[in-house]
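Hey, can you piece these two chains together into the complex? The hints should help.
Read off the chains here:
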Amino acid sequence: MTATDAPPPRPIDGPQLRALLRCYWRLSTRGKLAGAMRRRQSGKPRGLLFIAAMYMLVGLTTSLSVFAHMNVFTYAMILHSMTFLVVGMAITSESGDILFSANESDVLLHRPIHSRTLLLAKGLNLIGLALFLAGSLNFFPTFFGLAARGAHWWFPLTHIASIALLSVFCSAAVVCTYGLIVRFLDREKFDNFAAWTQVAMSFLFVGGYQLLPRLMQHFNGLNLETSPFLLPLPPAWFAAVDAIGSTQSPAHSVWWLVTIGVAVTGVLTYSAIGKLAPSYGEALARLGETRQRAPKARRAPQQTDCNRNPFFRWWMPDPIERASFRLATAYMHRDREIKLRLYPSLGSFLIFPLIGLLDRRTGASPFIPLLTVWMLGQLPIIAMETLRTSSQAAAADIFATAPLESGASVFLGVRKATIFYLMVPALCLASGLLVLVIHSQSALLLALPGLVAIPIVSLLPACMDTYLPLSRSPQVGTQSSKNTTLMLGSMLMMGILAGISYVASELNLLSIMLAVEVVIVVVVYWALKRHIQKRPLHWD
Amino acid sequence: MISIRQLSKRFGDQEAVRAIDLEIPAGQLVGLLGPNGAGKSTTIKMLTGMLLPSSGTAEVYGFDVVRQPLEVKRVVGYVPESGAVFESLTGWEYLELVAALYHIPDNEAHARILRFGQFFELDEETLRDKQLSAYSKGMRQKVVITSALLHNPKVIFFDEPLNGLDANVALSVKMLITSLAREGKTVVFCSHILDVVERICQRIVILHQGRILADGTLAELQQRCGEQSLEHIFNQLTGTRNLLARAEEFARGLTQ
Chain E
14 MTATDAPPPR PIDGPQLRAL LRCYWRLSTR GKLAGAMRRR QSGKPRGLLF
64 IAAMYMLVGL TTSLSVFAHM NVFTYAMILH SMTFLVVGMA ITSESGDILF
114 SANESDVLLH RPIHSRTLLL AKGLNLIGLA LFLAGSLNFF PTFFGLAARG
164 AHWWFPLTHI ASIALLSVFC SAAVVCTYGL IVRFLDREKF DNFAAWTQVA
214 MSFLFVGGYQ LLPRLMQHFN GLNLETSPFL LPLPPAWFAA VDAIGSTQSP
264 AHSVWWLVTI GVAVTGVLTY SAIGKLAPSY GEALARLGET RQRAPKARRA
314 PQQTDCNRNP FFRWWMPDPI ERASFRLATA YMHRDREIKL RLYPSLGSFL
364 IFPLIGLLDR RTGASPFIPL LTVWMLGQLP IIAMETLRTS SQAAAADIFA
414 TAPLESGASV FLGVRKATIF YLMVPALCLA SGLLVLVIHS QSALLLALPG
464 LVAIPIVSLL PACMDTYLPL SRSPQVGTQS SKNTTLMLGS MLMMGILAGI
514 SYVASELNLL SIMLAVEVVI VVVVYWALKR HIQKRPLHWD
Chain R
11 MISIRQLSKR FGDQEAVRAI DLEIPAGQLV GLLGPNGAGK STTIKMLTGM
61 LLPSSGTAEV YGFDVVRQPL EVKRVVGYVP ESGAVFESLT GWEYLELVAA
111 LYHIPDNEAH ARILRFGQFF ELDEETLRDK QLSAYSKGMR QKVVITSALL
161 HNPKVIFFDE PLNGLDANVA LSVKMLITSL AREGKTVVFC SHILDVVERI
211 CQRIVILHQG RILADGTLAE LQQRCGEQSL EHIFNQLTGT RNLLARAEEF
261 ARGLTQ
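Top line first, the protein sequences correspond to chains E and R.
My numbering applies: residue 14 is where the first sequence begins, and numbers increase by one.
My numbering applies: residue 11 is where the second sequence begins, and numbers increase by one.
So here's chain R without its partners, still in its complex pose (with noise of 0.2 Å):
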């Protein structure tokens, strides 16, 4: 479903993804982990058709990212990190300008709108009569999940959905992608909340400085690592040592 062959960025002299091979087949649910600036979000914008790559070669759903990006962006869903929507519209407005670009007849639009809204409790008439600014940034989030699975697409890419949610949407936002993934989509989650990764993936990759460093499932990383939280595999791949000396040191130094 989605095949990565040598795949690179380059942001001038900057390397951000350098050279990283991945297949993930149909129906899996897919863990991208990495710190900041690993290279996770370039990662998803290529595959998304929104970024060329530098190198490399990467199909979503047999379609080739560079030669052919307009079949592959109707391909897939994304939720962006940045939860971006036109505030100025409705919500309405602008899930029915999602499903026009996509080529959605309005009646069946319209009908999915509403199954969507009923799923997250989100009100026909504040749907129709709220603009998007007006939105608690927990309903803006339904609204961008909304359009990026409108569409009924055969790959999903998730960068921090969660985001600012509360538990509850946060839950229910969960057990979407669970279910999602359980109906024979192919879903990307990219999170920094390394507990709801644990829970929710079937595979686990890790990236950073642009380059995998782990790929497998929780079980195999566990073996691999040593560790059984998935945080301190983490942290022992990627992060720095001995964490908690240093945030008390850090915090005394605060409190003098």
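For reference, chain E alone in the conformation it holds in the complex (with noise of 0.2 Å):
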């Protein structure tokens, strides 16, 4: 066979097709994750299990309201709301990877592959990972469901569905934003544009989660069923879909809530993949034009001079801190990759202050100050998790071969930017939503144990092993399942710190409390710190 006797060029190319989908999963499987939970490269996807697992506690503990005595409707809402937040947010921060990923221009392009088989298999690859979240994620709430008011032996059959279709759903609304978005946009806008719509599209998931459900009980209590404001909600189409397979006579709004979801989720796909098909091949071709430019073409936008200014020069005296920080300072205003994986993370702190905004009226919760700050503390980290993974890791060998005893002054740098340009303008900023929505002084209060502790929660990341900023290869599903991890490790940790602050506030010990907390974090602050500067630097 030579090349010319291939069979003429189809737009959807079933054998290009099928090996495009066995090359994706077995790049998601063998992630950085699942490489570093094995002795040997088997290629067992344990890495997955694990992340598997993480999303499973997380829907056993969801699956519990059921005991409430819910309707299925409402439990099926509350279930998809939930799949609607955290597959929609990890499908949105692994996307970038997924479909625009600057490599796999000089791997795939000069392939003979339609656009739209391309497409097609990684927009399967993104469903595929979230069916896989999703399905993690309602392993328990789907046999649980059986326990639900007015549930049939075969919900777990209907939850799957409508999951799947979720999903579905999810995964188009993706690809297609991302097609519109190149499609109206040049090479020179997308950038921003894409990061900036991933910021707008988390807002979205959130939104879906907790906000939207509370507008709606402003407006008509908790009859969820006949609510006009269910309409335009995703997670109410795809729980009517459950409502409908349990219930023997679903009320008209129903049908119309599945209709809807079933047609915008259709609408959705064929225009993924039938309408944006060929401004996509566009856009991966612009990504390798963007390689090409001269430097005289783009000129980095403005930064502080951290060597001139008297602030950082005492803030950072080690001049290797100050270039660590000058140099993720620049990845995360410029690096495409970075702004895109970084900033749908960003805005989750504000969700509680614009909670208890909605229910201001009604009192909003004592408890908003404390999970904001929660939320907060969870800011560095996640950038600094962020920061460390690059597709231009290879450039990392910079730092094996200067001259560093240790890894610290780089990471403190990283960390200081991180601080400097997130953390602040975020606690400015809940500050003052908080000040404005929390007229309790001991509910403020309340949150000062967890701003105290953020000093030692921001050191988290190079306790475990060497950090080093954009060391890492970029692997899909790393990201999503990073972000979880840390979630889940820093809700224990401010968890019984909540506890602990809550029955201090209780017993009118708070201030004794601080005071002890100041003093321990001093010192855990300190023994880390030192801790980082010893370990000698060395990394795979």
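Mixed in with the good hints, there may be bad ones.
Unchecked claim - Result set (DMTMM-like, lysine to aspartate or glutamate): computed pairs, CA atoms no more than 20 Å apart in a straight line: (1) Lys147/R to Asp478/E; (2) Lys140/R to Glu97/R; (3) Lys147/R to Asp410/E; (4) Lys184/R to Asp205/R.
Since the hints were derived computationally from the structure, they do not count as laboratory data.
Treat the numbers as computed from the prediction; the structure is a model and nothing was measured.
Given below as structure tokens:
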């Protein structure tokens, strides 16, 4: 067989699609996380099993709500809202790497693949990831649903179908959003717009989970079934599938919801693969173009010169710290991959103050400041973990060739960049909102122990192993799984702290607890920093 | 085999390739030279259907790169400068993927992979068991070259194929390139290693700032420039004058 004997080109080529899907599956299951968790290159996706276990745990806790004597629709609404949030966020944060991997252009763009086949393969890859996460998350809730009011024995089957539909919807929505962006924007504007679109999508998913149901309650109490505000809510569309499957005579509104869900998913999927594929092919080619660009074509945005600025010289007397600060700042501001992975995580801290804003009339929960601080505490960790990963990981060899005794200065520079550019602005914004929303002084004070603990939390990325920025290659699934691991870990830590704070507050011992905590934080901070500084520099 | 007419490529306000004309017949081994940013890779990416030209036309094996990109991609093989591969796949899995993309039946693909493996001294066990991330630079480049040749292309583009290769591997790649041309393949060879180009290429095209500065055999270029080595010809056409004096002055400055 010669190169010219192959069958004529087809928009969707079955054998090519199968080969690409097999390839993407292997790439997904052999991510860094999977690799780190196995001793040999056995190809078994144990890393993914770990992610699945974490998601199952989250699902298990949510499924306990069924014992509040909920009907099928309400229970399904909770599950779909949670799935919509978790899967939507994960797909959003992974989609940049999956859809627009710059490295892939040299591997695949010169092969005879129609852009529709390539986009379909990537879309199915995204759907596969979404199904995996949604399936893990809903593993226990699917069976617990049998205890819901009015549920029949076939509830698990209808729930599996509705979850599959939701996964397709989330993936198609993300592909369509990107497809539209690349169709109407040139390459120059694409990077920033795509990054900010991800932030908007994150808010949409978070909003779908928390804010919109609250808005509904404001207008219609708890009567979810009849509220017209359900119509634009994707979780309601798919919860209605469960309701139809489990109710003998479902209301007309439920049928409407199902029709909207199926129709929107169908239109999005058709648009993504059928209509937007040609512009996707062009976008991939434009990614290649960017790498041809001569240096004079673009000027780097102005940054604070931390070598001259007296504040930065005082804050970071070590020149390695300052250099590392500049490196992290440059990547947070300029690098497309970092922005696409980092920005969607940033808005999460605002969610609780915004909930408080909505609940202001009925009285905001006193735990909102505490939860906000908990979310804020995760910001530097998530940012540092994001900055650890780059497709330019080979360039991190510079840290190995430089005469550095440890990676501590490099880590501390990155840490300070995330504190200065992310943590401080976020803290100011959240504080402003909290003062507006929470009028109880004791509720605000309850957040202080968490705030005091943040410096220790932000040292965690370098405690287990050497932290070097941009030193790990990105792998599909790792970003969302890392964020979830960190979220669960810090949730536990902050939860314990919150419990102690609450008890101390009830016993009027909060000020004493704070004083003790400050001493402990200072000692632990010193010990951790010393541990990081003492560790010799080596990494895999 | 390759026919280029007034081919241009603009990136915003910058013209990377400026209205070049070139005809390369079948079986010719052409060295495409130029300083960094001269437009070599951009030209190759247009000829492989990866980039759309801004203006002009190009045909490869009779297929138009704009109207028939998939047909073009079927008949070309491309070894990218980056040497990019899917690192989490084993060499075998990666080459199987490439074979499937060109519709090569499994049994034939396996036979071809083994034949290339034999030539490049890559044993089957390594290919099957080790992920590409664990390969040395030279081993990986062998896989990249195999992936470019697996479908028996008519036209092959080598963009810096000798980057990072040890002397033995480089020698085998050079010999393979000349043998492919002798077998009737059209080969475009981009490299900064000028003595290699001088030895293996039948024709040399020098690009500078998106334009073709020189095009001919080594003898023709020697006659035109009055220089013997390709290095000096290249420097005369594209480089900085008084290189030795400048280098000596700079080194003095460093050591003082």
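Requested in this report: Could you tell me which of the numbered hints above are not met by this structure, giving the numbers in increasing order?
Outcome: 1
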